[in-house]
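Visitor: Take a look at the letters that make up each chain.
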Amino acid sequence: MTNNAMNQEPKERIGVHVCHCGSNIAGMVDVEEVARWAGEQLKDRGVVIARDYKFMCSSLGQELIEKDIQEEGLTRVVVAACSPHLHENTFRTACSRAGLNPYLCELVSIREQVSWVHTDRAAATEKSKAVVSGGVERVLYSEPLEPLHVPIHPATLVVGGGIAGIQAALEIADAGFPVILVEREPSIGGHMSQFDKTFPTLDCAACILTPKMVSVGGHPNIQMFTWSEVEKVDGYVGNFTVTIRKKARFVNEELCTGCAICQEKCPKKVIDEVYEAGLGYRKAIYTPFPQAVPKYPVIDKPNCTYFQKGTCKACQKFCPTGAIDFEQQDEWITVQVGNIVLATGYDLFDPRKVTQYGYGRLANVFTSLEFERLTNAAGPTNGNIVLRDGVTVPKTVGIIHCVGSRDRNFNNYCSVICCMQSLKFAHLVHERTGATVYNFYIDMRTAYKEYDEFYQRVLEEGTLFVRGKVAEVTDAARLPGEEGKLIVQVEDTLAGKQRRIPVDMVVLSAAMVPRKDAKEVAHKFGISCNANGWFIEKHPKLDPVATMTEGIFIAGCVQGPKDIPSSVAQGAAAAARVLGRIQQGEIALEPVRASVDQDKCSGCRICNNLCPFNAIIFHEDRMVTEINAALCQGCGTCVAACPAGAISGTVFSNEQIFAQIEGLMRVNFFTEPQSAVA
Amino acid sequence: MTTQSPSTNGKPKFAMYWAASCGGCEIAVLNIGEKILDVDANFEVAFWPVAMDAKYKDVEAMPDGSILLTLFNGGIRNSENEEIAKLLRRKSQILVAFGSCASEGCIPGLANLSSSNQILDTVYSTVSTDNPQGIRPQHKYAMPEGEIQIPKFYPVLRTLDQVVPVDYYMPGCPPESHQIAAVIDLVIKVLHGEAQLPPKGAVIGAGGSTVCDDCPRKRNVKLIKKFVRIQDLEHIDPELCLLEQGIPCNGPATRSGCGALCPQASAQCIGCYGPADGVVDYGARLVAAFASVIDSNDPEEIEHILDGIPDPTGQFYRFNLAGSLLRAARPAWEG
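Which chain is which? The protein sequence lines are A and B, in order. Under the numbering used here, the first sequence has 233 at position 233, and the numbering climbs by one with no breaks. Under the numbering used here, the second sequence has 1007 at position 329, and the numbering climbs by one with no breaks.
Keep in mind that the hints were calculated from the coordinates and are not lab data.
Restricting the straight-line Cα-Cα distance to at most 25 Å, the calculated cross-link-like pairs of lysine-lysine (PhoX-like) are:
id, chain 1, residue 1, chain 2, residue 2
1, B, 903, A, 524
2, A, 11, B, 878
3, A, 246, A, 519
4, A, 247, A, 295
5, B, 903, A, 519
6, A, 485, A, 353
7, B, 733, B, 818
8, A, 524, A, 538
9, A, 265, A, 247
Just chain B, with the same shape it has in the complex:
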């Protein structure tokens, strides 16, 4: 760390922001326990809307680069998200895409399969919604007092690095608390001159290989005759690779870092830690991998085996659609 940030009490500034996300990332940060005291001891919290009151104009008033570390979670879904992303980029020395949404779109990114109208229909016009007048949000609205605006809803959700340059990525939905603690420890060490930051663009708070590397299950040569949903199985072999049991486990393509929690609990990896190093398009990789080990040459039988994966997008792109090569389906691009 070469520059110390100007600060009223001498401590470097810390910010955390949520854009299009669920709030789980914030919970995960709080979940680091007493380590949060280290954050307080070493940083001045400059901006963290979920934890303390703040105004955007206060941030705007700060000199550029005055925040040392910003953990940004959530994808860019509307004009407000984009505005704050750009603002925090300007004000921050280190901008971290924190969690799956900011890194690769995550669950909100699945809305990229639908057009904006379809999304608004689902939210405002289905039977579960009490909206007899059919009111829809509008970007601008004329009130007697003058025109008011709400943020503009964009056709697709973008990841943080599709909007502004990002220094580091921290995967996970949400990131595991022990990984967050480790990253905070690292940054504090860097502050004290005891460690070096990793190269820009690196993935932090995660491992370098895949979930399989941490998974204790026994693995053999794979020959898959059928895919089954975990709830449809009466018995799951506690020691055998889930994929070999026909359970579509995304572990082989997913970055390590979580400690293979799900497979150890006999639930398949759903891929929340995102693509492993070297994986360019997570879903495409998995499609190719699963297809490679289907044990049949008969087209009809193959079709039948594939019926075991009823929602391929949900299976292969649950966390990664917005960050994939295609980013969105056609209806979304067409608005």
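This is chain A alone, in the form it adopts within the complex:
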């Protein structure tokens, strides 16, 4: 277990380059001392040059490394600077320019792991020496590696036909590349198609969305599968094989003209829980709304009289083109794509969970989505804001913010859109009913362009704002004037008192939550969710639409709550990333990979279910496991799990890790008396 290498003559010529990072590192670490120490004390390990520099990542710093490689004949480079996440690529590229294989460069972090987390300069300096020593030992076992080049299939799969998916699909298709768009519902359009107005400009959602939907529907480069779901994803970046289940519509798309006679004639009315949020009806054969794309309806089998009772067939009788096909079966379609954009959106938080607000129990408590349908001119009330009875116009309306958001009982996060949405609702109530409107908010969040101006406008319109978390919505009247009303019990934190405000209607601005099957979808595509269930981007600031899995991109609310402009921007951003990939024609994959020694693998199958990227294949015939190098992202999960030690990971071999530990222990920084930290 000990490294015999410790006793051998150094074989490599190592350069140690210590970065000040301005005062980021130098403020807490004596970088000159670290470089001096490495040059003297690690000479026997092969260090031939050790220097410090103000900004190693600057072009001058990089040139310094390149010059050392060429003039000193360095065969290994250790850079002590920031986290590899930040500048590993920078320094590897510098080495590459100087003719050294980039994987023979080791970046050790003395910023994130030392200067930023310590307060004792002497101890931090000693720790930096240890970290550098560990890096030197480790790099001795590094091997030159070549990236894997894989070709990129020019087609792209976009999953989800909401505004983010539509934008991504159009951008890619307009650039001349094929797109396959899969949507679970009968029509594309997503949540946006359910809205009436969009904040802050109050454009009509349909007016700006439907042209885009039509473009998608008629685009020569877009193949659309609605009423369909992705069943299976195999392969890897550039070469995904995707199996799509096209659910039976019972309508022949070749023959259907979208005349909607079938919908008119169908005798079965069904409450529309999806598009109309339970407020309106549709038929058993339906398109969710008249502008649906595609125009073909679907038959809702569990609600269809023919399927349930064997008689009816009204749709078939009246269809002028004979497009109704009760025998139609689900189809499985396999497509090849190079990249995938996931834009599967969000679900609305179920406000029944906040029992004290009475949704589901008190008739005139509405969800935000129900209210959107009430205000929509094409909705169940033709845009009239009325109570649950369908006729009474409310005289007072209370809008409650943060229902299920910013609440440790449900979701800690802010759902981003609710403040602006609630302001929009307040405006619409004013405009259409003249009712008194209360907004119950915790904090008003109106960041972004022209949002706060909209808030000012709604303030001027006379909406009343009560700052405080609503305790309860009740119909139990206690005071005169409360009878027959909903009473909102709230602590007005600005007035510093409890208030009971009687209203006719309550609207709950419910949180955005991840799709209920988000975790399964993430697993299917080999990406990760955070604790809430939002998909995780590669970098929260600098790489917001890529994921840790090469070739899988995310856009819109699947990544976290956001408004329409941000969703569109992400859709376009994902498209730009995909187009960049396609234009390159091939992609170089990091050669950091796990591999299985087939002689050592006994086929115990412990690793088989662990790979987050589905890269592990088990060969039943030979009883051995193999790793698909193109799928593997080098995460190391299987390497750690393999009980036989048959799986090893490049760049993280046992030899490298043990050598690094030995190197670390060369500096006994625990016993520095002046710097002992309890």
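Starting from the known structure of chain A, fit chain B onto it as the hints suggest.
Guide: Structure of chain B alone, referenced to chain A:
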């Protein structure tokens, strides 16, 4: 084999020694049956205390390197063990760490969880011991005739290669007799110039993969909902992987060579053949492997599942504690 050892009757010399061990390894050697006659035909037994009388001073008197083959079993627990290990290393051309104790510490190595005092308390001061005067062994004792000594008890048990360089390792508790016979055959062939010795440091008398490789049980993707002790199961599926039935079988990390005897008899592998090639720390490997296939994301449920392994050290380090990366627990290091 380049050097023939000087010997009175021309035959090369053979030695076998036991240090801290149970004696099972010796039995296993005798258990090779008539093959033992081949040993006699080809070797002169120079030193084998369990089989024949011998004195250390006789060994000391032999020229260095005069014993061709020494099978050393047992761990290094006291000063006598260490002294003889060093002596035999000097006198032997080929020193084999024979059996689990010499290779990796085995059951005696589990004493590395306790301090020397705790061990002596257990041996000399528990209710089962008739020791009214509370007598404890002492390294030195003054007698009227002069001071006498017994071997010094060390704080931890060490494996043979933690004390002297070892040429080969032969795992097993004890090594299977057919494997011993095969190794003896090999050495005899080498003597006759018919075969080559494996490279120094190799594991001999065992396979290169794991017990699973020899186990005929059917294996699937593993999802473990609970760990159970074998005696608590009413029915054991005779064909399905034991681990998949929740029986904590160490087969996946254990070197092959035994022929998967235990799993075939519906008993879990306890790991006596030691770590497979490529396994640096046997227990850590198994902990990681078992943890990886626990089928739950709920911390409380995971705790509950882990309660099914009441003695993790016994489960994962039964044979390997002294040879593991940590070697011993803190009380042992502190004496």
